[in-house]
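Go ahead and model the full structure; you've got the sequences and the hints to work with.
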Amino acid sequence: MLFSPAIAQAGRRDLRVGVFGGDFGNFAPVVRYDIQGGLVLYNIFDGLIRIDFANRRVIPWLAEAWSQPDPLTWRIKIREGVKWHRGYGEMTAEDVAYTWRYHLETKSFQVGTALFPIDTIKTDGKHVLEVKTKRPFGPFPAVTMGYAGFILSEKAHKEIGAQAYSQKTIGQGPFMIDSVRGNEAVLVKNPDYWRPGFPKLDRIVMRAIPDSAVRLQSLMRGELDFMTHPDPKDVPEAKKNQKYTTLSTVGWNWDYQQFNLSTGGNEPYTNKLVRQAISYAIDREAIVNEIYNGQATITDNQIPEGFLGYRQPLLKYPKNGDLKKAQELMAQAGVKGYDVEVITSDKDWLRKELELVAAMVSQIGINYKIRNQDMGGFNNLWLNRRYQQHLEDITLVAPDPDATSWWFLHSNGSSSAYRNPKMDALLDGAREQIDPAKREPMYHQIVDMTLDECPLIYHCNVNFVQVYDKRLKGFVQTNQEYGQFHEATEWAS
Amino acid sequence: MNRHFVKRLAQVPLVMILVTLTIFIVVRSTPGDPIQIMLGMQTSPDAVEALRKEFRLDQPVLVQYIYWIGDLLRGDLGRSIRLNVPVSQLLAERFPISLRLASAAMLYAIALSIPLGIFAALKRNSFIDYLCTGFTVAGFSIPNFALAMILIYVFSIQLGWFPITGIGASEAEGAGFWPQISPYILPAVALGTLQTAVLTRLLRSSMIDVLSQDYIRTARAKGLANTTTLLIHALKNAMIPFVTMVAIQFGYLIGIQVTIEYVFAIPGMGSAILQAVVTRDFPVIQGFTLIIATFFLFANIVADVIYGLLDPRVRY
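Protein sequence lines, in the order shown, are assigned to chains A and B.
Following our numbering, the numbering of the first sequence begins with 1 at its first residue and continues without gaps.
Following our numbering, the numbering of the second sequence begins with 1 at its first residue and continues without gaps.
Be aware that a few hints might be false.
To be verified - Taking lysine-lysine pairs in the DSS-like style, the calculated list, with each CA pair at most 30 Å apart, reads:
1. K347/A - K240/A
2. K155/A - K53/B
3. K189/A - K158/A
4. K189/A - K200/A
5. K107/A - K126/A
6. K319/A - K233/A
7. K200/A - K243/A
8. K272/A - K347/A
9. K222/B - K158/A
10. K134/A - K53/B
11. K53/B - K107/A
12. K347/A - K316/A
13. K168/A - K53/B
Hints are computed from structural coordinates only; laboratory data are not their basis.
Everything numeric in this text was worked out from a predicted model, so none of it was measured.
Shown next, in the form of structure tokens:
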């Protein structure tokens, strides 16, 4: 062998990770980041909260505790003794206030996503933050403290400037950015990390390798130790290989179809019976097996496992569909068949999925005219509601049912193409309810109405898969695509 | 010659204006809003407007063009919308990698095409000639990404001779000559095989043409050694179009690396443009395309100059 990248594992304190994509994007938590950028960010920042994936709940992290003196007020206690990277001092409530005010003042993406309910922010001493919301906001811990939970160091941000912060990001997590160049990000251990004994590794080299086959082959050749997102068809083979650990778990995402019901037109699919017929015509099990090689979980609703309001699918539509029922519904709707343009993005698996779905609905006389768009073109049509129907996948950004429903079903939701005052009232009510026990049945109602109205038809939750060297231990898989933490990962001695 | 060179250089600004206009119009006519793509779906109209204003995308297209040209004249290629870094910084990271890969591919093409072209011309219509023809036809026909996958399977997976990835990796730095060179070998072969075919065919026909000239017959009649006749008299003249083509193809190689970069995970210019196109990152598409166009333009001028220098019969 002329070139041997394999290195002796004993005593190793480094990790080489292959992720998808061509580069990592930016690393500033005030600028929206890509998934592969998120994989880095989750290792250089600790959030205000964390998700306990095993027990499916939000747990305190840098926000050590929080309370609600009244429905509009959240008092957050920030953990003491957390140090910023590279000597920028201790993280305080002032940093949190600065970060959120910065988002609000610059009208960053978080204004719409997580910080929109905020009215005022003030600090009470060095480690307490008091936030008042405009209206009661139940998802505050998961959405606001979760999705907007990566905090800036006020001192570093002011000193090095907003633009430079995207590259020389100062966090307070287990690893620090050493260098970012091309498709490689090198992280090194944070010697001042607040959790004693962590991280276990000294160095992580993350490399963006766009082709999943090349990523897997690089792993098998010893050029990588750990990889994400293998092609589903390669997963059974990887699982059989004794040299690697293959983890596969249901992801917080969906593959779904959406109908544009916002135009007020009289297309056949504006009739809910037709949409129900389509949902009955779908063989979800075939999608999971044919497109994802079994690496996905069938669902017919928007709330994935682990979220408040989750109920074991399938709630209404059978896994193999019900063609007879679909035909009856079409007859009941008085629709014999029609042509409709359905768009999707350039993701290979979605194109195949749409072809499969088109074959399924053709059995009830509906002819899907497929139009593939690159991601830029697709977003343009989708977000401006210039489509009849689309099929796409989506990653859910915050572990709260509000994030699964409000944006897609409320009249004011930016991704919604559905107008229903009853649904709006339900969504707003659930958002304003603080008590989880009372919120849960509200989301059951929302899901039931969605299943009946079918403004979106859900197919499955696609699994997140990682393959890594068997001699690695400590890595804990999560259901969140970004959330792959390596602070406990280490080589077996 | 000098006058021609000056004339060609004088045309550069006009060509560049046309290039910038074309790039700008094509990029802006593509459907898709970079700000919406950047911010995603769960965002507020305020956030979209603020970022649009920051990148001057709220201005009329003509005004945007004027701003862009003004910035270009000051040496500012703009700032990536997605990455939030200056385009010049991205270029400084990625251009050297693309240049190194193009150089490696061209070296491979030259090293292989010269002996193949000569042998094919000398052994015209023989088995060796047919073999060379077969190789060049394959070189023309096999898409470079397919060749890349074959090379990976054979030389990386089966034989384990070369790494699949590693160009631009910090691991290779300071690790010696071979770890730095070896990641370039398979991508260079995959990228340069088409150019090898082009140059082999060109040299073969050029050699055949030169070998049938009277002065070669005279040289042989005078009793000059076959090697001297071939290398000093025939090859020197046959190389004139070859060298010109090398210059042109080199400019071309910089712009066609995207599929090879994808397969071998190379952080070059092609993958940056691809990512920028998908996310409609206008400043990156514009800046990188402009640099590639400029490189190609100057490669053509260099080819012209070389042609004039090598062939005394050529007078502009």
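Violated constraints from the hint list, given by number and in increasing order: Hint 9 contradicted; others consistent.
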